[in-house]
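Assemble the whole structure, with the sequences as input and the hints as a guide.
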Amino acid sequence: MIQTLMEICFQRDTSYEDSKHNEKYSNKEKDPFLVQTTHKIEAEDLQKKETREKMARRRALARKKAKIQSNRAGQVTSNEKSPEKSASRTKLKAVEIQTENYLHASLVKPPIIDIYTQTELELLDDFGPSRALRESHDEETQIIPGDLYDFEEDIQGALDILVGKTIESALIEILEEEELAALKEQQRRFFEIRAEEQREAGDLMERHLIERMTAKNNTGASILLEKYLIQLIPSVIDQLRSTGVISEEEYFKNGSFLPWLIEEVTMELVDILSSGDVLLDMVRDIVNRKTEISKAMDISEEHELRSEIEKLVDRE
Numbered sequence: 002m003i004q005t006l007m008e009i010c011f012q013r014d015t016s017y018e019d020s021k022h023n024e025k026y027s028n029k030e031k032d033p034f035l036v037q038t039t040h041k042i043e044a045e046d047l048q049k050k051e052t053r054e055k056m057a058r059r060r061a062l063a064r065k066k067a068k069i070q071s072n073r074a075g076q077v078t079s080n081e082k083s084p085e086k087s088a089s090r091t092k093l094k095a096v097e098i099q100t101e102n103y104l105h106a107s108l109v110k111p112p113i114i115d116i117y118t119q120t121e122l123e124l125l126d127d128f129g130p131s132r133a134l135r136e137s138h139d140e141e142t143q144i145i146p147g148d149l150y151d152f153e154e155d156i157q158g159a160l161d162i163l164v165g166k167t168i169e170s171a172l173i174e175i176l177e178e179e180e181l182a183a184l185k186e187q188q189r190r191f192f193e194i195r196a197e198e199q200r201e202a203g204d205l206m207e208r209h210l211i212e213r214m215t216a217k218n219n220t221g222a223s224i225l226l227e228k229y230l231i232q233l234i235p236s237v238i239d240q241l242r243s244t245g246v247i248s249e250e251e252y253f254k255n256g257s258f259l260p261w262l263i264e265e266v267t268m269e270l271v272d273i274l275s276s277g278d279v280l281l282d283m284v285r286d287i288v289n290r291k292t293e294i295s296k297a298m299d300i301s302e303e304h305e306l307r308s309e310i311e312k313l314v315d316r317e
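The opening residue of the sequence shown carries number 2 in the numbering used here; numbering runs sequentially from there.
Any given hint could be a false lead.
List of simulated lysine-lysine pairs, DSS-like, C-alpha gap at most 27 Å [said to hold, decoys possible]: (1) K65 with K55; (2) K217 with K291; (3) K55 with K68; (4) K65 with K49; (5) K49 with K66; (6) K55 with K66.
Derived by calculation from the structure, the hints in this document are not laboratory data.
Right, dumping it as structure tokens:
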């Protein structure tokens, strides 16, 4: 009887599953769970209907599980109680069994055991390579010549300009330094030439002043000599006349003997005074005398000469 009920429940379950499986392609008008009516269906009725359907599904699943458990238990008990198989046996005999205990046992979770195996590394040495061999070619990552830009080729122009500008600036600095050195050397030579010219100008000025002073002294000496000759010539002429060197006719011929004589004597004296030896002796004597005076008065020779030159310049 229990087996009959289980078969009926199983048939209902299979019909329900088949109907649910073919629900997508079935005709809704022929669906036994749908009711065709013109009356208004309340929301509560729909909820009750859904609840009943859920309970029916649960009962169907429970019956299905119970049937499976009973089939498994029946096979075990039949194997234990069945006699040894004989050659003349051709069909099985149905034996009624109690499935209530198995229904309770199906609700208990059976024990689960995890089993694993350990493979030793020595066994895998000859099994295969450690790395899988590459069989395909990645065309997406292949870099064809020309895809990427050449850094050296692209940077060569900028590098040439940078190096050229650096060399140009270095050459300009070197030329500037050489030009400055040449200008400094030229300036130094100009200063030397200027100092030499100033020294020569000072020497020329001193020489000119000395010559003027000498000429002035000579002029004064000539005047003194002329006056002295005017006083001395008459007595000399008288002596020359008395001795007969000069005749009276020559003396009184043109009345110009006395001026001519004075002029000739003056010229001779001027030549003697302006000669180099006499002038050098005079300058040496004057310098020695001035040096002795300056040493006595603690005044330097250069300062005194410059003061005298300035005084002479102021007088002129």
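Going down the list of hints, with the structure as the test:
1. A hinted pair counts as satisfied when its Cα atoms are at most 27 Å apart, and K65 with K55 qualifies at roughly 15 Å.
2. The hinted pair formed by K217 and K291 meets the criterion: a straight-line CA distance of about 19 Å does not exceed 27 Å.
3. For the suggested pair K55 and K68, the alpha carbons sit about 20 Å apart, so the restraint of at most 27 Å is met.
4. With a C-alpha separation of about 24 Å, the suggested pairing of K65 with K49 holds against the 27 Å cut-off.
5. Under the criterion of a C-alpha separation no larger than 27 Å, the hint pairing K49 with K66 is consistent with the structure, at around 26 Å.
6. Of the pairs offered as hints, the one joining K55 and K66 holds, with about 17 Å between alpha carbons and a cut-off of 27 Å not exceeded.
Comparing the model with each earlier hint shows no violations; every hint is respected.
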